[in-house]
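Protein chains in written order, with my numbering: chain F, 16 to 99; chain H, 16 to 99; chain Z, 16 to 165; chain D, 16 to 165.
Hints were generated in silico from the structure; no laboratory data involved.
Virtual Cβ for every residue (Gly too), placed ideally from N, Cα, C.
Among the hints, a few may not be true.
Claimed, not checked - For lysine-lysine, the following DSS-like pairs were computed, each having C-alpha atoms within a straight-line distance of at most 27 Å:
#1 Z/Lys139 <-> F/Lys31
#2 F/Lys53 <-> Z/Lys139
#3 H/Lys31 <-> D/Lys139
#4 H/Lys53 <-> D/Lys139
#5 H/Lys31 <-> H/Lys53
#6 D/Lys139 <-> Z/Lys163
Said to hold, decoys possible - In silico negatives: residues of chain Z with every beta carbon more than 12 Å from chain D:
#7 Val19
#8 Arg20
#9 Val45
#10 Ala84
#11 Ser146
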Amino acid sequence: MARLVYFAWVRERIGKGEEEIALPASVRTGADLIAHLKTLGEEYAHALEHGDVIRIAIDQEHVEHDEPIAGAREIALFPPMTGG
Amino acid sequence: MARLVYFAWVRERIGKGEEEIALPASVRTGADLIAHLKTLGEEYAHALEHGDVIRIAIDQEHVEHDEPIAGAREIALFPPMTGG
Amino acid sequence: MITVRVGPEDFDVAAETARLTAGRADIGAVVAFTGLCRNEDGRLSGLELEHYPGMAEAEIYRICGEAVARFSLTAVTAIHRVGRIAPGENIVLVLAAAPHRHAAFDGASFVMDYLKTSAPFWKKEHFTDGSAGGWVEAKDSDDRARDKWS
Amino acid sequence: MITVRVGPEDFDVAAETARLTAGRADIGAVVAFTGLCRNEDGRLSGLELEHYPGMAEAEIYRICGEAVARFSLTAVTAIHRVGRIAPGENIVLVLAAAPHRHAAFDGASFVMDYLKTSAPFWKKEHFTDGSAGGWVEAKDSDDRARDKWS
């Protein structure tokens, strides 16, 4: 099981802020995760439509899309940041 | 008669903050003024020893040494500034 | 000394400056950046600031640490508000203290440029005409401002 | 809006920021530079700040006006203290307000670089060992910082 958290319009489109889901063994990287989630329903497909703009953090650290997710306690998906 | 004001170590070396003095007609520019003052006594010679580092303001505006001083109400001589 | 705070509370720049400089006389320069909510010509009724709790603080702390090392800062404070913010209100405060002014200016500017592009905060706009508003889009100019430092 | 003040009184950065931003919601960024008196590793007992009354205010006002025009600032405040200043105390405050952050950073930095080199103020050092101290010498690095802008 992986703990996923979502923020901003990713959260709004998916319709929840966090969830625990079982991932198939074929999901190895952040990019794999996004591709897999998009198969789970329209809300995921809409939220992750432009997958390459989505930012990924593993255990609260930014990572690239090709980073392996094995061992992650928490994986976050969110849009580009607009604080400050 | 010209009104002269001095600041910082120029003031300290000359021994006064301001004075009114009569200037010969040959004193036309700031540089002329500095050269003339240096003839007035040791304290002036000491204060204005390195004449080219002295800053000049006419009526409270910075001017170059070759600026004419005719018509000036107040001429200030002071060292490079160190505020801020 | 690095101080980071994320929360709904407002901040006082004088109090934060006093805290930064208290008891020390080796600081010659403090630069304080305050980011405020603009009303966008009256169209905006407010912003909603969302953040990733934990990571937001950690990321700002990391950025401040880089700034301290890079510009030999004496101290940095960064405070970011979250929740609903009305036009004219404060959003973010960054204070950088150093012996000399250019380090303090660069330090505060560096922290802001990185904070904008890598600290996990998101702004949603609410409009005075009652329309839903939307999430603010990230700006290329912010990425370029950050890339200037590398 | 340009505000200039020269005198012995201390200033409060929060009060000055509030004054600058009061009643307006088109300001997105305020950069506040505070210059403080360092103790120079304990050797300094204080500074004596001399100025040219009238010209000091006029020159700072002129510099602030150039900054407003050049960086499209919304407002600038510059306050310079004079007289005796102890280590740890404030010397100078420059506030620059603008819609966006880079203008505010550049505006405050520009005002400081010009103020240092062309506003008629002079610092005399007094030392803790009772020695007379002397007038601070102008630094080439300050001239170079100013020349960067031209």
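Starting from the hint list further up, note which numbers the structure goes against and sort them upward.
6, 9
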